[in-house]
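Undergrad: Spelled out from the first residue to the last, the chains are:
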Amino acid sequence: MEKGTAIENVGLELRRGVIVLAALSQLRQDGYGYSVLKSLSEKGLEVDQGTLYPLLRRLESQGWLRSDWRVESDRPRRYYALSPEGEKALQQLIQEWKNMVVTINKILEE
Amino acid sequence: MDVKEMIESYVYEIGQELPRKQRSDIENEIRSSIEDLLENRSQQEGRPVDEEMVVEALKEFGSPEKIARSYQEARYLIGPQLFPLFWLVIRIVFAVLGVLALVRLGFMFSQPGVALNNLPPMLLETLGEIFTGLIAAAGNIVLVFAILERVLPKEAEKDEPFDPRKLKAKPDRERVSRLETILEIVILAFALLLFNFYPQVLSIGFVRHGQWTQIPLFSLTFFGYLPFINLLWGLGIVKNALLLRQGVQRPLTRWFAVALSLGGIALVSVMLAGESIIDRAGLLASGWAQAENLAMIFQSIATGVLVLILVLEVVDTAKELYQLLRKKSPDPVMQA
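Chains as they are written, first to last, in numbering that gives the first Met the number 0: chain A, 0 to 109; chain B, 0 to 335.
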């Protein structure tokens with residue numbers, strides 16, 4: 000495996016877990032796929048369409064999100080929002096993230 | 000193709016790769032997302048949606064196959080849960096079929112009346128049949144496991160408390176099994192006694208004219224080989240006695256085993272190439288109606304057994320040489 004590809008793969012692994020947390024955090028209020036993508040991009044986290052949309056469906060199937068189709072200006076859109084279970088999961092993940100940042104920073108500063 | 004057709008074709012191609020149950024829902028969601036993206040681009044660039052913009056947007060989304068894959072979980076014909084069992088079954092079945100194939104080849108070569116120039120096509124035909132048999136067996140096993148993969152409920156991740164003290168000891172390749180070694184000594188001693196002191200037992204008995212008649216099974220040629228057989232068996236007993244005393248395999252005992260196996264290979268090869276070890280003439284002279292057929296059957300069995308011994312000796316030699324020549328990795332715990 001080439002060195003560059005290996006680093007890219009590790010980078011992708013690091014981002015994969017973070018994307019769940021980031022996407023959940025943007026759905027405290029209702030939002031559709033593209034709005035979440037745009038909102039994350041504006042905050043500096045670029046996520047591939049092919050990653051985000053299937054992820055939203057998976058989070059819905061595990062009960063963390065709920066969704067419904069709405070028609071706005073003749074255009075149907077699927078809106079997602081956190082379910083009560085998703086709210087709890089988000090709080091735990093935020094705590095987990097904060098602990099991890101502290102720990103990893105401590106390790107890296109050694 | 001106008002822009003709407005291009006989007007529809009793209010969405011359709013993704014849908015073709017998706018399970019029917021989710022297809023329509025995912026197609027609608029992707030279509031909606033593309034339209035959102037195009038609407039946003041059109042506002043940003045201050046121009047209506049055109050072909051160039053759609054091509055760019057679809058390129059950003061990625062190929063239909065890639066998008067369809069991202070919506071699906073990894074699918075297995077035989078999943079990680081069943082794969083170790085599948086692999087074990089494949090190895091056992093192939094080993095059994097391999098031994099049967101060798102026995103079959105042995106019988107084939109030992110058939111009387113087989114001309115030398117007929118052997119290559121016969122061999123090719125038999126090898127072809129064996130290969131077809133192996134493929135068919137593998138196919139059936141894969142089929143059964145693929146069905147099990149779909150039928151059996153998925154085992155939930157085991158979350159039992161783990162106790163390292165209950166781990167099984169790592170098998171030590173150098174440690175000798177006392178039971179197997181003693182058993183081998185007993186078998187060799189028994190064979191030595193039988194062939195040297197009670198050869199009359201190695202005969203065929205039947206009732207003829209109201210009297211019990213016995214005809215020796217092995218020919219004089221076989222008994223000509225007996226001193227060499229005795230030597231190999233005797234040394235085999237010595238080797239096993241050494242192993243029992245040591246408790247572990249050492250390079251010297253392994254080289255000893257290699258030498259014995261090579262001796263065995265040489266002797267069996269000479270026996271296969273030489274005159275028959277079955278007393279065919281004695282059987283025919285008995286005047287028994289079935290003697291001709293019986294002689295042929297015994298000849299085939301003897302050749303089959305010799306071929307089998309030859310193969311086992313070659314495998315044994317290869318195993319011992321591998322153990323002798325493989326590089327041993329240092330033990331990190333012992334080094335620390």
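In case anyone wonders, no lab produced these hints; they're calculated from the structure.
One should not assume that every hint holds.
Only pairs whose alpha carbons sit at most 25 angstroms apart, straight line, appear in this in silico BS3-like list of lysine-lysine [as the list claims (entries may be wrong)]:
id, chain 1, residue 1, chain 2, residue 2
1, A, K105, A, K37
2, A, K42, B, K58
3, A, K97, A, K87
4, A, K37, B, K65
5, B, K58, A, K37
6, A, K37, B, K153
Undergrad: None of the hints should be skipped; say for each whether it holds.
TA: For each hint, the structure was consulted:
Only pairs whose Cα atoms come within 25 angstroms are accepted, and K105 of chain A paired with K37 of chain A is rejected, the gap being roughly 33 angstroms. At roughly 23 angstroms between alpha-carbon atoms, K42 of chain A and K58 of chain B fall within 25 angstroms of each other, so this suggested pair holds. About 16 angstroms separates the Cα atoms of K97 of chain A and K87 of chain A, which keeps this hinted pair within 25 angstroms; it holds. Straight-line distance between C-alpha atoms of K37 of chain A and K65 of chain B comes to about 21 angstroms, which keeps the hinted pair within the 25 angstroms bound.
Note on K58 of chain B and K37 of chain A: the hinted pairing holds, with a Cα-Cα distance of about 18 angstroms set against a maximum of 25 angstroms. Taking the CA atoms of K37 of chain A and K153 of chain B, the gap is near 38 angstroms; set against the 25 angstroms cutoff, the hint is violated.
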